[in-house]
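Full structure from sequences and hints, please.
Okay, here's what each chain looks like letter by letter:
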Amino acid sequence: MFNQFGSTSETLSKASAVVLRIGTDAHLYDDPEDVNIAPLLDSKFESEKCEALKRLLALIAQGFDVSNFFPQVVKNVASQSSEVKKLVYLYLLQYAEKRPNEALLSINYFQKDLGDPNPLVRAWALRTMAGIRLHVIAPLALAAVSKCARDPAVYVRKCAANALPKLHDLRLEEHAPAIEEIVGILLNDHSPGVVGAAAAAFTSICPNNFELIRKNYKKLCQILPDVEEWGQILLIGTLLRYVVARHGLVRESLMLSLHGMDSNGFCEKDALVRDLTLDKEDGGKSDSFDVNLVNVVSKCYIEGPDEYLSRSSCLDPVTSAFDSKETTSVAHNEDVKILLQCTSPLLWSNNSAVVLAAAGVQWIMAPLEDVKKIVKPLLFLLRSSSASKYVVLCNILVFAKAAPSLFAPHFENFFICSSDAYQVKAHKLEMLSLVATTSSISSILREFEDYIKDPDRRFAADTIAAIGLCARRLPTIPTTCLDGLLALVRQESFAGDPESVDGEEGVLVQAVMSIQTIIERDPDSHDKVIIQLFRSLDSIKVAAARATIIWMVGVYCSLGPIIPRMLTTLTKYLAWSFKSEASETKLQILNTTAKVLISAKVDDFQMLKRIMVYMLELGECDLSYDIRDRTRFLKKLLPCKLASHEATEDSVASQENIAVHVVEHVFGSKLKPFLPLGLNDRFYLPGSLSQIVLHAAPGYEPLPKPCSFVFEEHDQLSDSDRQRDAGAVLDRSQESSETGDEDGSSDYDSESSVGSEFSSDDNERKVSNDASDPAAPLIQISDTSVSADQEELRSRRALDLWLDDQPSTSNQTPSAVNSNQSSYAKISIGDIGSRVKPKCYSLLDPGNGSGLKVDYAFLSEVSIVSPLHVCVEVLFENSSGEPILDVNLEDEESMKCILQQCANTNST
Amino acid sequence: MLQCIYLLSDSGEVMLEKQLTGHRVDRSICAWFWDQSLSQGDSFKSLPVIASPTHYLFQIVRDGITFLACSQVEMPPLMAIEFLCRVADVLSDYLGGVNEDLIKDNFIIVYELLDEMIDNGFPLTTEPSILREMIAPPNLVSKMLSVVTGNASNVSDTLPSGAGSCVPWRPTDPKYSSNEVYVDLVEEMDAIVNRDGELVKCEIYGEVQMNSQLTGFPDLTLSFANPSILEDMRFHPCVRFRPWESHQVLSFVPPDGEFKLMSYRVRKLKNTPMYVKPQITSDSGTCRISVLVGIRSDPGKAIESITLSFQLPHSVSSADLSSNHGTVTILSNKTCTWTIGRIPKDKTPCLSGTLALETGLERLHVFPTFKLGFKIMGIALSGLRIEKLDLQTVPPRLYKGFRAQTRAGEFDVRL
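Heads up: the sequence lines are chains R and X, in that order. Okay, so the first sequence: first residue is 146 according to my numbering, each after it adds one. Okay, so the second sequence: first residue is 14 according to my numbering, each after it adds one.
FYI, nobody ran anything at the bench for these hints, they're computed from the structure.
Keeping only pairs whose Cα atoms sit at most 25 Å apart, straight-line, the calculated DSS-like set for lysine-lysine is:
id : chain 1 : residue 1 : chain 2 : residue 2
1  : R       : K598      : X       : K290
2  : X       : K384      : R       : K598
3  : R       : K518      : X       : K214
4  : X       : K281      : R       : K517
Structure below.
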């Protein structure tokens, strides 16, 4: 009886807990395995099957492996209930790859569903079937996709477009042409929803197959505003890449406008450009655009920063200006005009990714005077979610670095509100210091004053650094800044123990450093400030700040009338405090005393000399290695000065004279103010992931080389635009295809008459132009398949890059390539080792290695082990007379002997 | 493209994982992520794009729930972030908010939604009104039904008709007995008042929100009396660009139900409806603080739910605050909130009290920022006025409603 009662109360309490979450799947998530799942799956009731599947999903959600239920689940794929079907599909996609054999059982049902009159059922079946990553069913899936690509329902066609990357991902080379063909069909679809998905498929499958875009270019542009937002993002990028590949950059755009100034060669041809540059020169061009930076940015967009920066060290940026033939102009080019027209209303899109993508197009392609229309939409994005705010700011920063004048009138947008995240605040500060002008600086500085009192001290320190930057950019403001900063230094140093408050140290250090940056520009007029800093030295406790001030003592020791008179007292003070200093300060004290000693006048000299000797004695027995080393160094250098003063002046012992010179050079030379060049910044395409993480993410591609996609229309003369362009475009396209073609244009012209069938091959022609010997071409283009490891996407791309780098020229190999196979042509390299000697680096020279000479070189081959590995060839050479035994080559990192070799070769 | 989406609770537990492509992402990435966010603190949590050793991670945080997406290849980061935001919006629309319990209780719906919203890492159907037709939101009726019958599918058998049409945001033929359309102007005022009491920045961020319940295929035009004051705008995909470009008229076929038609910004406003006057004096280890709040320029409607919140600096060890109107609460993380409600007729609300500083500190040298909150019903402070809303074909029994409200957005008053 009691027992019974007890059990009811238990169930009651359980029930009451359930009431709140009634009708939800809560109990399934909390306790998915409280019943036996297997029998439920075999149940004849849909509801029980459904519950079992939900339990399995709950287990998946919690990270358990439930693939052992696979056979039972697969059976249920035949269910008529849409919910069971959906759940089965969710399960199948999770585990199909693990259980290929059982997954095959489901194929028949998919085939059946694909013929279902309900488009939703067809779409689900297609999605799942393509999602099962099995090579065996790939042909079936491909057939299904190509059928669905012609389906009457838009939703099904959209799913077909989404299924293409799944099939492409299996890397079945024999299907590649068929997949690209379907991409082409879907890009040509009349429904915007399908085109968006097709654009996504295009980007991930064949981003460089511009022939597909060319066919539909005008239509794609017109349909762009109606495409779904996600498709728009990728379609915008695709269209931009196509236009650059086809027509090159725009002459009037920001990217190229500055080349007009550098090389007047083609500037004069175009009156419009000349007018623009003249206008700008009147209005103080240097202020509105950072010429060098714009140059770097545009080169980075085209070449990728890694490649560009590695090259730029040896090349003058001006000489690497774009070839004028690789450019086009908005006024004359219809394609560019349409692109700009159809992307500009997208700046009003609700989706910030679309706005940024559209802004990127305008930034790169729009004429200089139109670029400013991207500013307001971009700034409006800053009012969206905090996550997108950060990404947008990162991109705006690049724009503002290259063209500060664009954002200068809108500085108020970068004022900081208290709810901003720290990274956002830091970026906004950088923006403010970039766009500050003489008219806006006063309000910006007033804002900065407020920020300094912010409770977040790291942010306050950043603000002070930003003040320093502003003061350096705008020479008119330093005095006001300096007063404020000095007051801050005083306040901070008297604020009690700075270590008690987090980050307070940073503020003080930053303040001293900002003062130093400002003084650096014009030390002569700021000697009072320097004196004040020296005076406050005693109250400043933070080592880094002290070190900076002491360094300034050394640098400015002969400045003005007052400072030299303070030096004796100062050095005495430094000597007195030396023992209690941190080691970085000690180093600075030693340096500074040496500098002071060298520039000292006769009357102070004896005193300073004694101080120096005292300090060197202290330094010699310091705990820190660095300080002992520095002391020893100074001791060896300075005896000429430490010896009697007159002696150095009178006697002309040659050795001492050299020492004096050395000392004067090391310590006595004047400091030149330097401006760090932002040239080491890396720039990636606006809106890309790489721009945020600041390295090239896998799959990142810079813009295609301008005019690398050459299409010769069958009847060129009928194209009225071309005619109007006075043959400029025509010349360009021909000449660029002739570059490096030693045989001249006749060969090419005869082929171009073949017409469109041939032209689609031009993508590869560019590559093929690089071979060197007509008899035995180094690089062979063929449509045969290549070895398995080269099929890896990455390695193939690496190969392409490498090929582009080869400076050698020659004529192309006209291999029989027909139009729809052309893009899969393989590139194989002949016996390259015999022709191109890889550069050798010496590892060990015979002098050091007792006769053994070791060289190494990076091979251009792709490693058989993995495309990520690099092949290195190591050459051992015995240049001594005797045989060398037991040569070991060890990999230091893993300490694993990768190669052991007994070399007994005699000198060769 | 995205490879995987994880939903993490506020304690770092992985509540849900959805693999999107064949390239599976191991759960250990979440452990890495959570370790990092514990060791690096807030600055990591507010970083939306993270390069982990193996993947690129995108994160957004909504009501304590972290939405984490992984990718290994280049893709537009804003696309990932916008998509995650969309997922969060849809989920909170379906479940009536997002928190740990709601997501766990409705995990099947979350799975079904995710499966519909993204396919192979690329967004598929994100339009809320279409999703609602494909997967029924949980409601009381369906819950009771599932208890009674033990079976109630929330997955629709048929494809929503809008999913494929040229207006993908609208179901083809909704039918209503009474046709209603409501337009709300919802504005937020962003302002910065600096330490000198000067108004540094004052602007309005506004949204035109609509609720349309119209039969058939209505074509609407909405025009403003003074569109020239709008500085920036962004539109719902349904808005046609041409008419706006030529004569600043919104012409569109609306989605069914509630949606945001456009958002806009009006900048450089000269006045705020309220003032906040904080004062602080510090002397020998204690500070006296007093804050006055009042109406500067009467907007003509009642100002409601006024609140003032601020963060006490770290160096304050204890605070004793009181007010002559409303209530003051101080949380353990030193956040003070003063709930005022409405301004009384007879007196000016005043918060006063003393702050004790930590030992060794004489004066306060960092100062808090006050965040003001308020709400005014019935008025759009930007001055934007709707002129008229026209339907191309007027259905029978049409009711049109217009409302406006303004609330404080980022209203910072610095001390």
